[in-house]
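Number of protein chains: 2
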Amino acid sequence: MAHISIIGSGNMGQAISGLAAKGGHTVELLTSSDSDKAVTGDIVVLAVPYPKVAEVVSRRGAQLAGKVVVDITNPLDFATFDGLTVPADGSAATEIAAALPESTVVKAFNTNFAGTLVAGEVGGAPTTVLIAGDDADAKALLSGVVSAAGLRAVDAGSLKRARELESIGFLQITLAAGEKVSWTGGFAVAQ
Amino acid sequence: MAHISIIGSGNMGQAISGLAAKGGHTVELLTSSDSDKAVTGDIVVLAVPYPKVAEVVSRRGAQLAGKVVVDITNPLDFATFDGLTVPADGSAATEIAAALPESTVVKAFNTNFAGTLVAGEVGGAPTTVLIAGDDADAKALLSGVVSAAGLRAVDAGSLKRARELESIGFLQITLAAGEKVSWTGGFAVAQ
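From first to last, the protein sequence lines are chains U and B. The opening position of the first sequence corresponds to residue 98 in our numbering, with each subsequent residue numbered one higher. The opening position of the second sequence corresponds to residue 98 in our numbering, with each subsequent residue numbered one higher.
I should point out that these hints are in silico values taken from the structure, not numbers from a laboratory. Since the structure is predicted, the reported quantities are computational estimates derived from the model, not experimental observations. A hint or two may mislead.
[What the hints assert, rightly or not] Reference listing, derived: stretches of chain U covered by chain B, where coverage requires no fewer than 3 residues with Cβ under 8 Å from a Cβ of chain B:
(1) 104-111
(2) 177-189
(3) 247-254
[What the hints assert, rightly or not] Partner residues are not named here, just some residues of chain U that face chain B (Cβ under 7 Å, in silico):
(4) Asp174
(5) Val215
(6) Val219
(7) Gly221
(8) Ser264
(9) Ile270
(10) Gly282
(11) Ala285
(12) Ala287
(13) Gln288
[What the hints assert, rightly or not] With a Cα cut of at most 16 Å, we get these calculated EDC-like pairs of lysine to aspartate or glutamate:
(14) Lys164(B) - Asp232(B)
(15) Lys257(B) - Asp232(B)
(16) Lys257(B) - Asp186(B)
(17) Lys257(U) - Glu218(B)
(18) Lys257(B) - Asp174(U)
(19) Lys164(B) - Asp234(B)
(20) Lys257(U) - Asp231(U)
(21) Lys164(U) - Glu199(U)
(22) Lys149(B) - Asp174(B)
(23) Lys257(U) - Asp179(B)
(24) Lys257(B) - Asp179(U)
(25) Lys149(U) - Asp186(U)
(26) Lys277(U) - Asp252(B)
(27) Lys257(U) - Asp186(U)
(28) Lys277(B) - Asp252(U)
(29) Lys134(U) - Glu152(U)
(30) Lys149(B) - Asp131(B)
(31) Lys164(U) - Asp252(U)
Think of the CB as a built atom: it goes at the ideal place given N, C-alpha and C, for glycine as much as any other residue.
Excised from the complex, chain U in its bound form (with noise of 0.2 Å):
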């Protein structure tokens, strides 16, 4: 079993927690009040919005390395709802890799609403957590964890295809805020 560190207790950060431990492994769920509490996690998921994510990084950078650390962020700009804040042909993960160089990152979870998470299911089909990642280990690893809590994982490639489920991830939000969906379905993988 792993154990796992959530930096943020927002809808995100307490689906992950309530998924990681429905599986058995052991979770540290770190609130902005725990900001002086190392990590003890193998696995790290930065579950804060991606404008808070520089200062974890800064705050945190040498306690995450040699860990593997989950981005789960979607970079809207949300003053203009129409793109993201990141470089068009890059990703919030890529920028993040690249601030931790010590670290191994992985992308996860940002195509994933939060109800969807919960419920284990979208439309009727499993929860699938596409993941994408340099690293064969670390995604097997964050794999195990969303299979043992009864979602499916998906290896979506490398860390370069942040970019589209990025932009997966921004679509799904704007058609959810446009009421084209609901906060409970969005995108769903079927096999």
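Starting from the known structure of chain U, fit chain B onto it as the hints suggest.
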């Protein structure tokens, strides 16, 4: 009822032709041997691979003036299978719109595998066609064609969102090519 021309008779051209006919529309399916035949539809679907679109635009640009032109392409770099051949902050749709200033360009069908258009369902959910464009009337016209065939149509926003639709189409193709999903599966949209 609309009169629809489909340029290209591959599996997507045939599937969209079938949908349009099912909804009671008249359909003209033009193959590569019909290059001297003028298009007569009010809606024209460019159902050729992206590298062939420039030739169609060059040959038929004047004929497409005043019409709703539907771009269904996924501009993959098939040499690397690791990116798209259009600018990172743009899309095939915006390139085509720029080349056809007298036409109303919408993006649609690029997130649907042909098999899911024919079957009408993906993973047990009705197949959903995501449509992006800057002209509400053109999107409503195409939505009507999709709905009349028993599928769901969802307005995905302005033509700028074609960038995200092309990211989805690209990722979906890499997932199918990598046997992570089947060619009759892929992304479904749950409401």
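Hint-by-hint comparison with the structure:
1. Counting residues of the stretch 104-111 of chain U whose beta carbon lies closer than 8 Å to any beta carbon of chain B gives 0, which falls below the threshold of three, so the coverage claim is violated.
2. With 5 residues having a Cβ less than 8 Å from any Cβ of chain B, the stretch 177-189 of chain U passes the three-residue criterion, so the hint holds.
3. As drawn, the stretch 247-254 of chain U meets chain B at 4 residues by the rule of a beta-carbon pair under 8 Å; at three or more, the given contact holds.
4. Of the supplied interface hints, the one on Asp174(U) is violated, with its beta-carbon coming no nearer than about 12 Å to a beta-carbon of chain B, more than 7 Å.
5. A least Cβ separation of about 15 Å between Val215(U) and chain B goes past the 7 Å threshold, and the interface hint is therefore violated.
6. Hint status for Val219(U) relative to chain B: holds, with the closest Cβ pair at about 5 Å, below 7 Å.
7. Annotation: interface hint on Gly221(U) holds; nearest CB of chain B at approximately 6 Å, less than 7 Å.
8. Interface hint at Ser264(U): satisfied, since its Cβ lies 3 Å from the closest Cβ of chain B, which is below the 7 Å cut-off.
9. The restraint placing Ile270(U) at the interface with chain B is violated, with a minimum CB-CB distance near 11 Å, outside the 7 Å limit.
10. Interface restraint check: Gly282(U) against chain B, minimum CB-CB distance 4 Å, threshold 7 Å, status holds.
11. A distance limit of 7 Å between C-beta atoms decides the matter here; for Ala285(U) the minimum to chain B is near 4 Å, and the interface restraint holds.
12. At a threshold of 7 Å, the smallest CB-CB gap from Ala287(U) to chain B is about 3 Å, leaving the interface hint in force.
13. Restraint check, Gln288(U) versus chain B: the minimum CB separation of about 5 Å is within 7 Å; hint holds.
14. Taking the CA atoms of Lys164(B) and Asp232(B), the gap is about 12 Å. The hint holds against a cut of 16 Å.
15. A distance of roughly 12 Å separates the Cα atoms of Lys257(B) and Asp232(B); the hinted pair therefore holds under the 16 Å criterion.
16. A hinted pair counts as satisfied when its Cα atoms are at most 16 Å apart, and Lys257(B) with Asp186(B) qualifies at roughly 9 Å.
17. About 30 Å separates the Cα atoms of Lys257(U) and Glu218(B), which puts this hinted pair outside 16 Å; it is violated.
18. With a C-alpha separation of about 14 Å, the suggested pairing of Lys257(B) with Asp174(U) holds against the 16 Å cut-off.
19. With a CA separation close to 12 Å, the supplied pair Lys164(B) and Asp234(B) stays within the 16 Å bound.
20. Restraint check for Lys257(U) and Asp231(U): satisfied, since their Cα atoms lie roughly 8 Å apart, inside the 16 Å limit.
21. Among the hinted pairs, Lys164(U) with Glu199(U) is consistent with the structure: their alpha-carbon atoms are about 8 Å apart, no more than 16 Å.
22. The suggested pairing of Lys149(B) with Asp174(B) holds, with an alpha-carbon distance near 14 Å, which does not exceed 16 Å.
23. Taking the CA atoms of Lys257(U) and Asp179(B), the gap is near 8 Å; set against the 16 Å cutoff, the hint holds.
24. At roughly 8 Å between alpha-carbon atoms, Lys257(B) and Asp179(U) fall within 16 Å of each other, so this suggested pair holds.
25. With a C-alpha separation of about 22 Å, the suggested pair Lys149(U) and Asp186(U) falls outside the 16 Å cut-off, and the hint is violated.
26. Among the hinted pairs, Lys277(U) with Asp252(B) is consistent with the structure: their alpha-carbon atoms are about 8 Å apart, no more than 16 Å.
27. For the suggested pair Lys257(U) and Asp186(U), the alpha carbons sit about 9 Å apart, so the restraint of at most 16 Å is met.
28. Note on Lys277(B) and Asp252(U): the hinted pairing holds, with a Cα-Cα distance of about 8 Å set against a maximum of 16 Å.
29. Note on Lys134(U) and Glu152(U): the hinted pairing holds, with a Cα-Cα distance of about 15 Å set against a maximum of 16 Å.
30. With a C-alpha separation of about 15 Å, the suggested pair Lys149(B) and Asp131(B) falls inside the 16 Å cut-off, and the hint holds.
31. About 19 Å separates the Cα atoms of Lys164(U) and Asp252(U), which puts this hinted pair outside 16 Å; it is violated.
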